[in-house]
Amino acid sequence: MKIDRRSFLSFVIGGAAGTALTPLPWKLTDDISIWTQNWPWTPVPPKGEITYVSSTCTLCPGGCGISVRKVEDRVVKIEGLKGHPVNDGSVCILGAAGTQFLYGPMRVTGPMKKVNGAWQEISWKQAVEEVAVKLTELRGKGQPQSLAWVSDTDRGTTAELCKRFLTVYGSPNFVRAASIQDAYETALYLTQGNRAMAGFDLARATYVLSFGSGLLEGWGSAPFIFKTKNRMQKSGGKVDQIESRLSKTAAKADRWIPLAPGTEGALALGLVHVILKEGLYRKEFVGEHCAGLEGLKKAAGAAYAPEAVAKTTGVEANTIVELARTFAGAAKPLAVNGRGKGQLPGSLQETLAVHYLNALVGAVNQPGGVVAVPEPDYIDWPEPEMDAVASKGMQQPRLDGAGGKSFPQTRYLANRLPEVIHAAATSPVQVLFVSSSNPAYTLLDTQNAEKALQKIPLIVSFSPFMDETAAMAHYILPNHTYLERFEDVPAAAGFPKPILGLTRPVVAPLFDTKHTGDVVLELAKALGGTVAAAFAWESFAACLQETLGSMWQTLKKDGYWVDTAFAPPAFETASHKFEFTNAEIGKLPAYTPFRAPGDAQSFPLTLVPFDSMRLTGGWVGSPPFLVKAVEDTILKKDLVLVEVNPATARELGIADGATALLSTPTGSAIVKVNLWEGIMPGLIGMVRGLGHTAWDRFLAGKGVNVNRLMKPVEDPGTGFEAAWGVRAKLTKA
Amino acid sequence: MEEPKVNRILSGSEQGEKKEDGAGGPIILFFILGLIASLLVGWVAFPTLLYSQKKQPIDFNHALHNGLVDNGCESCHFFREDGSYAGAPKLAQCIECHEEANSEDPEEIRFVEEYVKKEREVPWLVYSRQPPCVFFSHAAHVKAGGMDCVTCHGHIGESETLKVYEENRITGISRDIWGRNIAGIKRNSWDRMKMDDCADCHAEARMSGGSVQTQRDGCLVCHH
Chain A
1 MKIDRRSFLS
11 FVIGGAAGTA
21 LTPLPWKLTD
31 DISIWTQNWP
41 WTPVPPKGEI
51 TYVSSTCTLC
61 PGGCGISVRK
71 VEDRVVKIEG
81 LKGHPVNDGS
91 VCILGAAGTQ
101 FLYGPMRVTG
111 PMKKVNGAWQ
121 EISWKQAVEE
131 VAVKLTELRG
141 KGQPQSLAWV
151 SDTDRGTTAE
161 LCKRFLTVYG
171 SPNFVRAASI
181 QDAYETALYL
191 TQGNRAMAGF
201 DLARATYVLS
211 FGSGLLEGWG
221 SAPFIFKTKN
231 RMQKSGGKVD
241 QIESRLSKTA
251 AKADRWIPLA
261 PGTEGALALG
271 LVHVILKEGL
281 YRKEFVGEHC
291 AGLEGLKKAA
301 GAAYAPEAVA
311 KTTGVEANTI
321 VELARTFAGA
331 AKPLAVNGRG
341 KGQLPGSLQE
351 TLAVHYLNAL
361 VGAVNQPGGV
371 VAVPEPDYID
381 WPEPEMDAVA
391 SKGMQQPRLD
401 GAGGKSFPQT
411 RYLANRLPEV
421 IHAAATSPVQ
431 VLFVSSSNPA
441 YTLLDTQNAE
451 KALQKIPLIV
461 SFSPFMDETA
471 AMAHYILPNH
481 TYLERFEDVP
491 AAAGFPKPIL
501 GLTRPVVAPL
511 FDTKHTGDVV
521 LELAKALGGT
531 VAAAFAWESF
541 AACLQETLGS
551 MWQTLKKDGY
561 WVDTAFAPPA
571 FETASHKFEF
581 TNAEIGKLPA
591 YTPFRAPGDA
601 QSFPLTLVPF
611 DSMRLTGGWV
621 GSPPFLVKAV
631 EDTILKKDLV
641 LVEVNPATAR
651 ELGIADGATA
661 LLSTPTGSAI
671 VKVNLWEGIM
681 PGLIGMVRGL
691 GHTAWDRFLA
701 GKGVNVNRLM
711 KPVEDPGTGF
721 EAAWGVRAKL
731 TKA
Chain B
1 MEEPKVNRIL
11 SGSEQGEKKE
21 DGAGGPIILF
31 FILGLIASLL
41 VGWVAFPTLL
51 YSQKKQPIDF
61 NHALHNGLVD
71 NGCESCHFFR
81 EDGSYAGAPK
91 LAQCIECHEE
101 ANSEDPEEIR
111 FVEEYVKKER
121 EVPWLVYSRQ
131 PPCVFFSHAA
141 HVKAGGMDCV
151 TCHGHIGESE
161 TLKVYEENRI
171 TGISRDIWGR
181 NIAGIKRNSW
191 DRMKMDDCAD
201 CHAEARMSGG
211 SVQTQRDGCL
221 VCHH
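The listed protein sequences correspond, in order, to chains A and B.
Using our numbering, the first residue of the first sequence is number 1, and each one after it goes up by one.
Using our numbering, the first residue of the second sequence is number 1, and each one after it goes up by one.
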């Protein structure tokens with residue numbers, strides 16, 4: 001018998017016929033389809049008991065309540081907490097992406113020390129000991145004031161522990177990172193005498209005049225602002241947006257009034273001028289509650305007549321008059337400022353000018369107005385005993401100059417640190433502690449800031465994430481993420497009532513991290529003496545519980561406490577009135593619009609950063625969910641797009657989508673050009689929040705950090721960062 | 001030009017005359033061989049190869065436990081307060097009775113030693129675990145529909161020993177979903193747990209939400 005081709009074929013045909021008579025093809029097809037619908041590499045949350053933990057988000061100062069959904073021990077979703085006074089069930093894109101901060105690759109998984117430029121894992125014991133040795137050395141040399149601490153907040157138990165540590169150690173140099181709250185706090189203090197935060201009763205306002213505030217870009221507590229603004233507009237309220245760029249807020253406003261960037265304060269004073277001249281102010285309120293109107297008349301005198309303001313701002317004179325009348329004529333008008341998300345304080349005079357507008361129409365501490373929300377005072381620890389070294393150190397002037405001769409009204413000036421460090425032969429900051437802050441990314445002229453930081457002999461980062469500052473630190477003593485730790489969160493940015501939120505562990509810490517509050521306690525213990533004696537608590541948790549006292553139970557149960565019966569505090573100025581002018585305000589230089597720094601000849605255009613809800617610009621980097629959500633008019637592959645008006649592009653001979661070289665006095669970058677009528681001619685718009693070098697592979701290397709191209713501008717009266725733009729040049733690449 | 005034609009005729013209709021080639025008989029023989037081989041592969045080898053055999057971590061005796069509890073299956077396989085179904089019990093429940101071994105049974109002793117004392121969850125292999133893409137609510141069927149466990153899960157509650165868990169090597173899911181019978185033939189309602197089995201029952205119960213396109217009943221109860 002010969003086996004040839006034909007017999008083989010018939011075997012195959014027989015096989016095929018036979019196979020068709022078995023379940024094999026059908027079963028295999030079914031199995032493959034099941035397999036393809038359930039790729040084994042697609043993560044699927046485990047089955048199990050579903051629980052919700054109420055907590056408070058700390059990814060921004062918004063103070064939103066969150067409800068974290070868990071399946072067994074795995075966090076699977078973050079939603080807004082229903083019934084929470086700030087956000088009532090809503091959550092922003094960043095808050096919703098919060099799980100990625102827990103499980104993402106940006107985390108620092110344990111204490112680390114940099115040895116010969118490379119990270120080495122060390123034990124907590126070694127980490128605390130080594131840092132304590134350096135601190136003891138510094139104290140021994142009688143220079144405790146050269147320890148500085150930069151943090152995103154100065155409120156809450158952790159921040160108070162840090163401040164207490166610095167005090168008993170002997171350093172006045174606790175520095176809160178900058179934000180619009182700096183300007184508002186100072187404005188409220190100067191005009192009303194209250195140490196308070198600014199809250200905005202948007203819900204009851206009927207007309208909002210926004211001087212560039214990104215109400216839909218993350219200004220204040222985003223979900224709160226979104227909701228109240230929408231509700232207000234739906235019930236007939238109006239929003240007018242004054243901004244040089246057609247932001248989302250401007251697009252959704254009832255009116256968009258473009259103006260020359262940086263002249264917002266001039267426009268505000270122009271409106272003040274018209275209101276005063278035409279007698280449109282609420283005489284009852286002003287007469288009863290305000291003082292110094294004559295001074296204001298002088299400050300907003302002829303120099304702020306509509307025609308003059310029109311020249312400065314580019315807004316037509318009759319529009320200015322009409323705006324003033326609309327504002328003063330509205331039932332419950334409210335003016336707000338702080339560009340974009342309000343990440344920079346800007347000029348104090350600008351905030352004051354806007355605040356005067358509110359006072360003139362009675363929108364101060366009244367329904368629908370700006371509300372002074374007193375700073376929390378529940379943390380009431382006994383005064384610590386200080387030794388001679390600490391007392392001497394505490395008497396030294398602050399390194400950043402805040403509260404000193406030049407800037408008596410200012411409390412913190414993180415933006416001045418690079419300058420101060422560069423000015424001295426050896427860095428006046430010998431040890432820098434950084435928690436929830438990323439100066440190596442957020443400070444303007446980042447390269448210069450980096451160089452300054454490099455001069456600091458010891459940087460200790462407490463970041464749970466590998467951010468830019470952590471990457472250049474000498475030690476990282478990683479904190480738990482906000483989903484793994486306790487924290488009290490007093491206040492929610494822009495919320496008009498005192499509120500205290502509790503952040504609590506949703507899951508047990510995933511890695512070898514430690515609460516910064518506990519690290520402070522350990523450091524104090526290691527230093528011994530009066531430093532150790534100032535901290536009687538066993539742990540941060542014990543300290544928090546004791547500090548919150550009777551509020552602890554409420555917070556544990558509800559996740560927040562809100563003062564529902566809150567009434568704004570009385571004016572605590574000398575006259576017990578709202579003061580348009582007084583001795584302190586008189587000492588400040590008069591308002592002038594700041595120019596974008598740089599030589600107009602070599603840099604004919606102006607680069608203006610803008611904010612997006614889909615990107616973070618502060619110390620928290622954007623998690624992958626956000627990066628994925630960024631529009632392709634902002635980021636294409638790894639190239640950032642800059643917005644250029646078609647008229648400007650025509651002059652430059654640059655086409656839409658072209659690659660170009662963007663230069664400013666501080667640096668240059670390759671960008672792509674996005675032609676857009678929504679930006680004024682002569683400006684270049686660039687998003688804030690890209691160009692990270694550290695963080696994770698989903699964010700690093702994407703686009704350009706606009707802060708790197710910016711140049712700081714110091715507000716002369718306060719030292720605040722007042723830069724809103726920088727001169728720039730765009731050339732074909 | 002003629003050659004191929006001749007060849008074709010010879011091979012096609014005059015096999016007898018081609019006997020000297022020794023090809024005619026074997027062609028049928030090979031066809032039959034192929035047929036038999038593939039039938040064997042499809043019906044015997046394939047089902048054997050498709051599934052890997054896995055032993056349960058502990059040989060649990062359902063019958064014994066069922067006799068000791070008050071509330072039948074729900075004593076251990078309960079519904080949580082939010083209405084969701086807890087599935088296989090967690091160690092925490094077992095510990096309520098088995099903090100120490102209650103008998104001389106070697107399996108119980110092993111359970112206490114390896115899981116209870118070490119506080120490890122028992123990695124039970126769940127015979128009826130559907131792939132992750134499947135949505136199924138026990139509450140809708142048991143609580144709202146009033147079905148009993150046996151309808152889908154059979155008489156596992158009366159078993160004294162746990163059968164071998166057979167895992168599909170392609171999908172990673174249990175053999176009990178497709179059913180023991182490789183041809184998919186079922187005699188009892190609990191023999192298979194595929195979507196068609198859901199649909200059968202939904203059709204019988206005249207569930208609403210039929211599909212106009214496929215003229216099947218009850219599709220839209222789940223697919224909506």
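It is possible that some hints are incorrect.
Claimed, not checked - Subject to a maximum C-alpha distance of 25 Å in a straight line, what follows is the list of computed SDA-like cross-link-like pairs (lysine to any residue):
| # | chain 1 | residue 1 | chain 2 | residue 2 |
| --- | --- | --- | --- | --- |
| 1 | A | K27 | B | M195 |
| 2 | A | K47 | B | D105 |
| 3 | B | K118 | A | G48 |
| 4 | A | K70 | B | A88 |
| 5 | A | K47 | B | A144 |
| 6 | A | K298 | A | E284 |
| 7 | A | K248 | A | K332 |
| 8 | B | K163 | B | E204 |
| 9 | A | K134 | A | G110 |
| 10 | A | K47 | B | E204 |
| 11 | A | K82 | B | D82 |
| 12 | B | K54 | A | P23 |
Keep in mind the hints are simulated off the structure, nothing from the lab.
Against the structure, the hints:
With a C-alpha separation of about 14 Å, the suggested pair K27(A) and M195(B) falls inside the 25 Å cut-off, and the hint holds. Distance hint between K47(A) and D105(B) is unfulfilled; the C-alpha atoms sit about 31 Å from each other, more than 25 Å. Taking the CA atoms of K118(B) and G48(A), the gap is about 21 Å. The hint holds against a cut of 25 Å. The hinted pair formed by K70(A) and A88(B) meets the criterion: a straight-line CA distance of about 19 Å does not exceed 25 Å.
For the suggested pair K47(A) and A144(B), the alpha carbons sit about 22 Å apart, so the restraint of at most 25 Å is met. A distance of roughly 21 Å separates the Cα atoms of K298(A) and E284(A); the hinted pair therefore holds under the 25 Å criterion. Proposed proximity of K248(A) and K332(A) is supported: the alpha carbons are some 24 Å apart, at most 25 Å. Straight-line distance between C-alpha atoms of K163(B) and E204(B) comes to about 31 Å, which puts the hinted pair past the 25 Å bound.
With a C-alpha separation of about 20 Å, the suggested pair K134(A) and G110(A) falls inside the 25 Å cut-off, and the hint holds. Of the pairs offered as hints, the one joining K47(A) and E204(B) is violated, with about 30 Å between alpha carbons and a cut-off of 25 Å exceeded. For the proposed pair K82(A) and D82(B), the alpha carbon gap of about 18 Å is at most 25 Å, so the pair holds. About 23 Å separates the Cα atoms of K54(B) and P23(A), which keeps this hinted pair within 25 Å; it holds.
Figure legend: structure checked against the earlier numbered hints; hints not met, in rising order: 2, 8, 10.
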